Amino acid sequence: RTILMVLAVAWPRLLAAQASDFTEVDHIVAVVGTVAIPFSRVQEQLNLMRARGQTIPTDSTALLRLEQAIVSQLVDDELLYQQAQADTSIRVTDQDVQDAVDRAIHQIRTQFSSDVDFQRQLQASGFGTLAEYRGWIADQQRRDLMTQTLLPQLQQKGELKPVAPPDSELQACYDPGKRQQSRPAVGS
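Add 62 to a position in the sequence shown, counting from 1, and you land on the number used in the numbering used here.
One thing to keep in mind: the hints can contain errors.
Estimated spans, in silico, between C-beta atoms of each pair [as the list claims (entries may be wrong)]:
(1) Q147 x S176: 35 to 43 Å
(2) G95 x G115: 32 to 40 Å
(3) D164 x E106: 38 to 46 Å
(4) D139 x Q218: 32 to 40 Å
What the hints contain is simulated information worked out from the structure, not anything from laboratory work. Bear in mind that the values here come from a model prediction, so they are computed numbers and not experimental data. Here a beta-carbon is modelled for each residue, glycine too, at the ideal position from N, C-alpha and C.
Use the sequences and the hints to build the structure in full.
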């Protein structure tokens, strides 16, 4: 009994002491069916946005809203992917995936002046080798191909209706284009 009492009193302190010894590596932000979506996937999307030159908010409230929107999109994507996996009429071959991977890597590779620069960027992005990167791209391409095959089927069945983008997104797309427009000088 005495040992149990000591453990009951000391246990919370032991857990707190152990918890301070550990560093959180990742955490789950959503679960779709049996698939957990880790926060690292949200960070991955933020990094892709940065790489594309998109502005990431610096204030915590706007960043939290963006992260929540990303989580929502990741959940939607996972739901579509799981539905595509369950649909027996959807077939994506390994050759389809490899062709898509080759196109994607070729497109990305052309953005670098040399193989050395490309390899450096792969390592800076957390990929040790081109093979690791190819594997990651293959997973993404398989998911994309399956959901791209599912979407027209859902639209045809009337289960998926087009949604107009919010006015804020339209305005964001319009404003940068408006600034870049140029008009010829009058009288020339």
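Do the hints match the structure? See the list:
no.: 1; hint: Q147 x S176: 35 to 43 Å; result: holds, 39 Å
no.: 2; hint: G95 x G115: 32 to 40 Å; result: holds, 34 Å
no.: 3; hint: D164 x E106: 38 to 46 Å; result: violated, 22 Å
no.: 4; hint: D139 x Q218: 32 to 40 Å; result: violated, 20 Å
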